[in-house]
Structure formats: C-alpha cells, structure tokens
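Each chain is listed here by its residues.
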Amino acid sequence: MDEEKKSKKLSTENSGDIARILIDLMKTIKVVSVYPESNPIPVRMKESFKERFTDIIKEYKKLVFTISAGQIIYGGDVVYDDDSSEDALGEIFHSAGITEISFSEDFDYKEAETFFGAIKSYINKEPGAEDLVALFWQAEIDGFKYATLEDIALREYEGDFLIQESCVDKDAIIKPGSYDDSGKIQYSAIFLDDDEEDDEGMMHEDNHEADNFSAIAGLPVMENLPAGFMPSRKRSSSVSSESAGKGSPLPDTTLILNESFTLEKEELQRVRELIDEDEKFDIFTDTIDLLNEMLYQESEFQDFSEVVVLAEKIQSEFIRQSNLVDAGKIIDCLQEAGKRIKTPDKRFQERINSAIVMSGGWEKLSQFSDALNKDSSIKSEDVIAYLSHFGWESLSTVTDLLGVLEFRHHREAICDFLVQHGREHVDIISKGIFDRRWFVVRNTAAVLARIGTGETAPYLEKAITHPDARVRYQVAVGLCREEGSENINLFFELVWDNDERVRQTAINAILELSGEVGLKTIIKIINDDRFASLAESIQEQMILSLSDLGGEYAVNYLVSLISGRGWFRSQVKDFYQRVAFKALAQNMSEKAEKALLKYNRSWRRRLRRMAGEALRIRREIKYSS
Amino acid sequence: MEKTCKEDKRIDIAGKDEITFINSFFILFRTAQYVEANNATYQTQSSRFYVSFRRLVDVHGKITVKVIDGRIFVHDKLVKFDSEGMVRARVVIDALHQVGVGGVTFDDSLDNRQIDKFVYLINSLDRQNSNREEVANRLTQLGIAGITLLAVEKKEKRSVLTEEKRKFMRRAARVTFFRAISLVEDSMTRAAHDKEIDISKARRVVHSLIDQISEDECSLIELTNIRDFDEYTYAHCANVCVYSLTIGLKLGLDRQRLSDLGFAALFHDIGKIRLPEDLIRKPDVFDENDWIQMQRHPILGAKTILRNLQFSRQAARAATVAFEHHINKDYTGYPSMIIPRPTNLFSKIVSIADTFDALNSGRVYIKKPIPPDEVLRKMMYQMGIKFDDFLMKLFINIIGIYPPGTMVLLTGDKLAVVNKTNKNKLSRPVVRVIGDKSGPYSKYIEYDLSSPENSSKKIIRIIDPSKFNIDVKNIILSDR
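Going down the list, the protein sequences come from chains A and B.
According to the working numbering, the first sequence is numbered sequentially starting from -8.
According to the working numbering, the second sequence is numbered sequentially starting from 14.
It is possible that part of the hints are untrue.
Calculated pairs, DSS-like style, for lysine-lysine (alpha carbon to alpha carbon, straight line, at most 27 Å) [claimed, not checked]:
| hint | chain 1 | residue 1 | chain 2 | residue 2 |
| --- | --- | --- | --- | --- |
| 1 | A | K116 | A | K333 |
| 2 | A | K116 | A | K37 |
| 3 | B | K471 | B | K180 |
| 4 | B | K263 | B | K214 |
| 5 | A | K52 | B | K180 |
| 6 | A | K573 | A | K613 |
| 7 | B | K480 | A | K304 |
| 8 | A | K18 | A | K37 |
| 9 | B | K263 | B | K438 |
| 10 | A | K582 | A | K422 |
| 11 | B | K90 | A | K49 |
| 12 | B | K480 | A | K52 |
| 13 | A | K37 | B | K79 |
| 14 | B | K93 | A | K49 |
| 15 | A | K422 | A | K355 |
| 16 | B | K93 | A | K53 |
| 17 | B | K180 | A | K53 |
| 18 | B | K406 | A | K271 |
| 19 | A | K52 | B | K208 |
| 20 | A | K101 | A | K49 |
| 21 | A | K21 | A | K365 |
| 22 | A | K49 | B | K178 |
| 23 | A | K116 | B | K214 |
| 24 | A | K101 | B | K93 |
Here are some, though not all, of the chain A residues that point toward chain B, as calculated from beta-carbon distances under 7 Å [to be verified]:
| hint | residue |
| --- | --- |
| 25 | E258 |
| 26 | T276 |
| 27 | D277 |
| 28 | L281 |
| 29 | Y287 |
| 30 | L301 |
| 31 | V410 |
I should point out that these hints are in silico values taken from the structure, not numbers from a laboratory.
Keep in mind that this is a model prediction, so the values were computed, not measured.
C-beta: ideal position from N, C-alpha, C; glycine also.
Given only the sequences and the hints, what does the whole structure look like? Please build it.
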C-alpha cells in the first residue's frame, strides 16, 4: 500500500475514532442536560464518556476541531455533521460564536465534569444568563481551549499595534527630534537635574497646580501636611549616587514602607466582608437607585428627558424579565422625581406624567402581557399592584388584555383590578361587550357583573343575549359575586335561559335572595307564563321559597294550587297539590294551619290524607325546634 | 491554534490477565470493607485474587499498579474499565490517594495471608491522619516486605516562567493591551454615534486581560506607562482596567465578578465622548468652566451605557461605576447624591485606579505627570477619607512604590526600568538596566534588587523619561 493510501487509510481510521467520540459526546450532553445531577443515567454516561475520551486524548495529545454551521471538522475531514436542530453538537458551539475548539492532555476527569456543567448551564439557561463562551471562560478548563468570532474581529485591531511595533526603532531610546540625537543618554542632565530651573518637569509640592490634584476627586487642597509627606525640593534634588550610600537622608519613598501601610492579617479578613457586601448588589434595585440619582442630577430639560427615556427603557426590560415589582418601582421613582421638581418649567412635570401614562399604554402593556404569557409564576397580587400605578387612561388597554392572557389566574387578576378601578369608568371597560371574541365578552361581562351598578345593566343585558352560553354563564356567576338590586332583573332573564347551567346558576342565586326583593322576584317568576316550562324540581323550589318568604301572604296561592285546576286529576295537578301541601307544612303562619285543618276535614280522602301528613310534619317542625 | 495528528507512540492497553488481576483486587478490597477475613465470601475472593496474582507475577517477577491522573496502569499498561468497574476502582483509588499512595508494587514473595493483611490494613486506616510513610511502617511491622508503596504522581499544571516564556507573555500582554485600547476607541466611537456597543467583543478583551494578569500581572502593568497615545483617554481606560483587575484578582473575586469589574473599568469614562473634544484635548490646565463640564462625565457615562448596551448585570454594574467613580468615601466628590450611601465595591476600586493613573500620567486632568511614589503618598494621605483604606493598601502592595514600567536611577550611575515588583520588598523591585553614562545598552540587563548579590544596588530616585526625551515606549515594547 503506497504512502498516500496509507496516509488516507490512517486518516480515515483517525477520523472514525474522532467521529465516534463526538457522537458519544453529543449523546452525553443530551442526557446530562435532561436528567438531574443525581440521576444514575447521566452519571454512568459521563463516566463512560470521560474514560473513552481521555484515552483518545492520551493517544493524540491534542485534538483541534474547526466549527462551522452544523459541522465539526478535524484534520480536514468532516467528523460530525448534523444541522437538524439547535441541540446538535456543532450547532451548540456555532450558535455561541465559537469557531475552533481544542482538547489537550490536561482535559482530565475533573475538567470533563466542569465542561459538562458549563454546557448544561448554557442549554438550560434562563433569560439574562451568561453565554457559552463566558461560561467556558468562567469554568477555567485548562484542557479545553476555544476561539470565537470576536477573536477574529479583534485581530483587526492588531493592525495598529503592528504599525506601532514596526515604527519602533528598538535601538533608539532617545526620542527623535530631541535636543540631542547623539543616541546617548544625557546622564549628566539626569544626574544634575535642578528642579528650580525647570518649569516643565515633574509636579512639585509647592506648585499651585498641586491644587488641581484636589479637584480631580473633590480632594481638599494639600495644606498642612505632616512634614514627612512634604519633603523639601532641595532635599530631593540634592541626592546623588555617591551620597545615597553615605548615610544621607533617605529618599521620601521609604516613608511608604513604614508599618502603617503594610497589610495586617486582620485586614485581610476584610476581603470577605467586602465581597459579602458586594454580593448584595441587585441588578434591579441598584439600577432603580441609580435612575433616582440621575433624575435628581439633571436641571436642564433635555438632559432630564433623556433620563426619563432611559427609565422607560429599563422599565421595559424589567417587564421582559418578569419583574413587575421593580418595574412598578420605576414608576414610583418617576413620581417621586415629579414631586421633587423645583423648577417652574412645567415641561418637567409634563414629561413625568407623559412617561407614567405611556407606561400604561398599549405598547408597554403588550410587553406586560407577553411577560405574563411566558411566565405563569407571576403572582396575581403582583399583576394588580403593577396595574394600580396607572390611572383611568389605561383601563381600556387593560380591558383588552383579557383577550390575550393565557393563564387563568392572570385573567382573574385583571378582572379583580377592573372591578376595583373600573366602577367609575364603566363606559370604558364595557367596550369588551361588543368584541367579536366570545372570551373577551365573557371576561368583560364577568367584570361588569361584579361591578353590578346601574350603569352596567345595559351592557349586561346585551351580554345575557350572547349566543355563547359560556358568556351568559359568566354573567350569572359574576352577578352572584356582587349584591345589588340592579342584578335581579338580569337574574330573572337568566332563569329562562336555554342552557341548564346558566338557568340553575340564576335560580340558585334567586333562591339565595331574602326579604321583599326575593319575594317579589319569585312572585314574578311564578306569575310568568313560562313558569310551567321550568323543571318540576325548580318549580318546587320556587313555590317552597315563596311560602317561606311570603308567610301568610303565600297561603292563598298555595290553596289555589290545591283547589284549582279543574275537577279531574292529572299528573300536573297532583304535582302542584303535593308541592302546595309541602309548602303549607313548612309555612308556620296561622293562616296556613287553618288551611290545613280545613283540608283535613275535606270529603276528599286524598286531600284529607295529604293535609294530615302536612299537619304532622308541621307539628314535628314546631315542637322539635 | 495548530492542528495535530495521531502520534506514532500509543499507550499500551492492558491484557486480559492484567484486567482480571486488577478487577479481582478491587473486588477483594470492597469485600473486605464489609466482612471479616474468615468469611467464606472473602475467602473465595481472596483465592481468586491470588490465582490471578500468581499468574502475572510468575511471568513478570513483580506487579506494579500505578494511578496517574485518575487512570490505572498495571505494568504501565492502561486498564480500561466499564462504568461499574470504574466505580469500584474509584473507591480504592480514593482510599489510597487519601494516604498519599499513588501506586503499589507486589513482588513474588507475597503469600495469600500477607495480601489479606495489606487489604485489611488499608481499609482500617484513619485516612485523615495517615500518610504513606506511616502505612509503609505498618507494613513492616506486619512483616510484609513484598509490597512497596509508590508516591502520588502530581501533575504540574503551570510551567515555571522561563525567560522564553516571559518574552512570550510580554508579547501576549502587548497584543491584549493594545486590543483593549482599540476596543475602547471603537466602542466610544460607536456610542458617540448612538450605535450599540459590541458587548461580546468587550467581554473577550476583558477575559484576555484577566488571563494575562493571572499569569503575569507585571507584563501588563508596565504597559500602562506608555503615554504616547494621541487619544490618551482610551489608553487611560485600558490602564484603569488593568489596575482594577489586578486589585480584583488580589481580592479573590470570582471570574464572573472579575469580568464585570473589568468591563466596568474599561468603560468608566465613556461619558467623556459626549464632552467637547476641545475640552478633552485641552493642553492647558482646566479652568472653572472646564471643570463644571468635566464633572458631568459620570452621569453622561451612566446614560451612555444604559442607552447603548442591552440591559444586563454587566451593563448595570458598569453604569453604576461610571456614575460613582468620582464619589469619595465621605460622599464628597461628584456628582453629589440625593441619598448619600456607600458606593459600590467596583466603584471604590475604579476610583483608586482612575486617580492613580490620572495623576501618574499627567494627561487626564492635570497636565504634568506626578511620579508614582508621590501619587501614592498623596493618595495615602486621603486614605479612609476619600478612598477605602483597605483597598488603598492593597493597591500599594500590588503596585509597589516603583510600579513596573517606572524609570529609575540606580546607584552606580545606571538607568533602569522597573520590570516587576517584589511583593515582600516593595523598595527593591526587579529592574532592567537600559544604559548608563556611556549610552544605552544593546542588551538590557535584568537585576532582582531584592536578591543578596544585588544588595549594593539601590534606587536613588524616579526619573521622568519625558523630561530627558527618553522614549520609554521603545524600552517597554522591546524584547532586548
């Protein structure tokens, strides 16, 4: 076999080994990223992979791969090719901007563990988490190196550097164009440097420009320094190389070396305190503090407005990260800034107001609804607390949210908010009744029903005629949650609904009513022509309730049920008689007793029996209570 | 990155006999953890092990088992395990490693009983308080001469910094440093045109700086002495970043925080791009109006960062540092806060680095440089009032009195540039002598002034190279 073929065969063998190990790597990554750490499956897979991979590394010493879209290339051969999904091995690196990876002999078991940890964090990352390159860098894996697109981009900068180097004449340490181009160091000038004659040399202690040092960080002027810190100029300039070794005053720099400036062990403990303190940095809270300070700083309108724009941008970002609490704090921050304004220029306050109103506008609330739909863990109280920052101007947009929110508890929170804040603005929130989407109508109807004022009645009347029973049902449920006489008429209408659930809800609500309102409503229902079309059980409940509420006033009606309806028996007549006697038995009025006693003497045996039974029940009720 | 191919020399893989031997040893070891030596199960395993032992030792005379980098070699042949075998092996490896044993040699004089004693000895050890020598003594006491314990072979992670390596590091430092300056320039230009700053690029540069400082901080610190840039603002930002990261590393900040610190330091003065260019380039000392304008750069910096960067932890920290880095410990400075509160750790670090570089360079605010030792003295006077005293001390201990890149005059009429500080002797750094009265040397000579043979050499004073037209940049960039 000639050399070329041998080399190709060898190359194919090599590639085969590498390809297999990459497939193993991909499988291991998939398993590791899905299963929890403690699960034995990823533990076994990692152990097995690590052993095989470190074998390969020991053989090859170093493995270098080029990454392109979906492909991993080794030694000119494509050893991995899968662009089918973003979870494919090549795509994981490629999407992170990594163009080359290499493994060396340092890549041992421990490093492999760290490597998998970094990739797992990247694959399962949360919003705002580090990218893969940053994770690898933080992991500090000695045996694994990588190059990125940024490294390629950064090489563009090296042009300048190369120019600098190429221009450097390394043999010349005297600047060109200096007063002496002899190439010799003017040692005598250095040695005999006289500060007093030099106006352009170094800073001196008594130069007035020392005061400018103070201005750099608001430092005070350097007055009344201890003598040790303000050496005389003469002393510094008179030091010569000979005298330095002959017991002359020490250079000032030795003052730095006194003990007060060396770190003591106790001070090193301070490191922990500083780091612990720094851990309290919160990206949200500290940014809000910063915005607060910045709003305070600006006295020019344009600068102030710029900060407000930034506050709006940051607020959007907080919402996007599902942090409604801190997003609300930014609005508080703007409001506080508004209160602090001292300038007579009204534009400042107007700008603040505009920002707050815009926060409750469609664009911001769209971001808000997107965040809610991505994160079901956002609490209802946080939703309500955030929306409470806005005025009536936002009610319309908030109402629209009912049509886009996916999670029930978020919709309920919106409803609660609208009930609390929409009582004075029914005309705004009621627009949802006219929406063509049934769920919007439903949710709006639920809100209006709970508000239950006279203003809501026309809209609810429209809602109870909605073709979708779910809407009508929601009206019934909503009406049940809030008391109000305006609701009674709506309940009356819902009693005749063709959906049983709606009907029953309305009837249950009516049966819960008491006093005159309840009595009148039941009378109205009973007097309605459609009463007989109701289920017997409902009719029975109504009649019993009538008796209960009406007392003696109901007795005449009950008697009419017994005596009326013709001579001949019928199932209907029997039903009404039975119910009437039952009602009389529970009616504790004297008139009811008299009626029963009269029927107890009736020549009709059936009536006599039923009356007797009713009287017996009556006595039981009377004497047992 | 270069590509490589398979090496000719392969590792030998253990054969069946070796695998049987080592597996049975591990099984024996594990069995001994649960039962006594007279237990039937143990006896069976012991017999099996001895058979496999004899099969090997009769051929080779002795059997050496070594653990290197967590992998097991029998007679220098790698034993490959399945995952179960690996778990078993790991128990034994860990037990041996805990007492400092990295391998065992069994010779053919061993009998069954001696092996049993050895196995039970290892199992019974107080591993926290035992070492290899003690175990060896116990073996001797037990009359087991046929077992030799080998030390753990430690892997050298970092090589010693040879001269060649140092030169390489210095070159790498230059690349990283100039990249940082270019990145700052590019980012500030983009910010000035309201374009988004490339945070990924910036992160890579900061990571490179951190890696460089971790390996050899002095190679970067000396570059901070180059003052020949037209736009010194950008170099100043890079310098502050280098100083800040050095402090951060000394504090032991984790990598994520170091990355945030470096990023914040790199862009701490980004607000200056919104100031008039004439003001930044003004050669004369600032007047009062100039200062009023200049004092706006912190808030302008915070605004620029928040506007031109996607909001993230790094951006939030950088904006805070940009805003706070001129606020002093006693709440003086600028801008004045509505609610005075302690500034962030990063702001304190950058404040120190910023002030040091500004005064040392003489290019940022004051127009004439102050020698570093004098700067440090001025700053130390303000310790506890303007600067955090602990951080200030830490900085001094890093920078030393003679920071790398400082030009100094030595006794014996020699001119030198400080190469590296000596932590334990700040006044006696490592210097490169570049010349004397007769002229510059063709090859610089390095002296470690802290070593006894150089005790006669002393630094007389610091030299301002610009005063004598000495091009310090050439010296720093040179590999002579």
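Hint check:
1. K116(A) with K333(A): 46 Å, violated
2. K116(A) with K37(A): Answer holds: K116(A) to K37(A) is near 21 Å, not above 27 Å.
3. K471(B) with K180(B): Distance of about 26 Å is within 27 Å: holds.
4. K263(B) with K214(B): Holds, at about 25 Å.
5. K52(A) with K180(B): 25 Å, holds
6. K573(A) with K613(A): 15 Å, holds
7. K480(B) with K304(A): 50 Å, violated
8. K18(A) with K37(A): 10 Å, holds
9. K263(B) with K438(B): Holds, because 17 Å separates the two Cα atoms, which is no more than 27 Å.
10. K582(A) with K422(A): 52 Å, violated
11. K90(B) with K49(A): 13 Å, holds
12. K480(B) with K52(A): 53 Å, violated
13. K37(A) with K79(B): With Cα atoms ~23 Å apart, K37(A) and K79(B) stay inside 27 Å; holds.
14. K93(B) with K49(A): It holds: about 13 Å lies between the C-alpha atoms, which stays within 27 Å.
15. K422(A) with K355(A): Satisfied, since the Cα-Cα distance of roughly 21 Å is no more than 27 Å.
16. K93(B) with K53(A): 20 Å, holds
17. K180(B) with K53(A): 24 Å, holds
18. K406(B) with K271(A): Given that 27 Å is the threshold and the Cα spacing comes to 24 Å, the pair holds.
19. K52(A) with K208(B): Roughly 45 Å between the alpha carbons, so the hint for K52(A) and K208(B) is violated.
20. K101(A) with K49(A): 15 Å, holds
21. K21(A) with K365(A): 24 Å, holds
22. K49(A) with K178(B): Measuring from Cα to Cα gives roughly 25 Å; hence the hint holds.
23. K116(A) with K214(B): 21 Å, holds
24. K101(A) with K93(B): 18 Å, holds
25. E258: OK, holds: E258(A) within 7 Å of chain B, min 6 Å.
26. T276: 10 Å, violated
27. D277: 6 Å, holds
28. L281: 6 Å, holds
29. Y287: 4 Å, holds
30. L301: 5 Å, holds
31. V410: 34 Å, violated
The structure shown violates the earlier hints numbered 1, 7, 10, 12, 19, 26 and 31.
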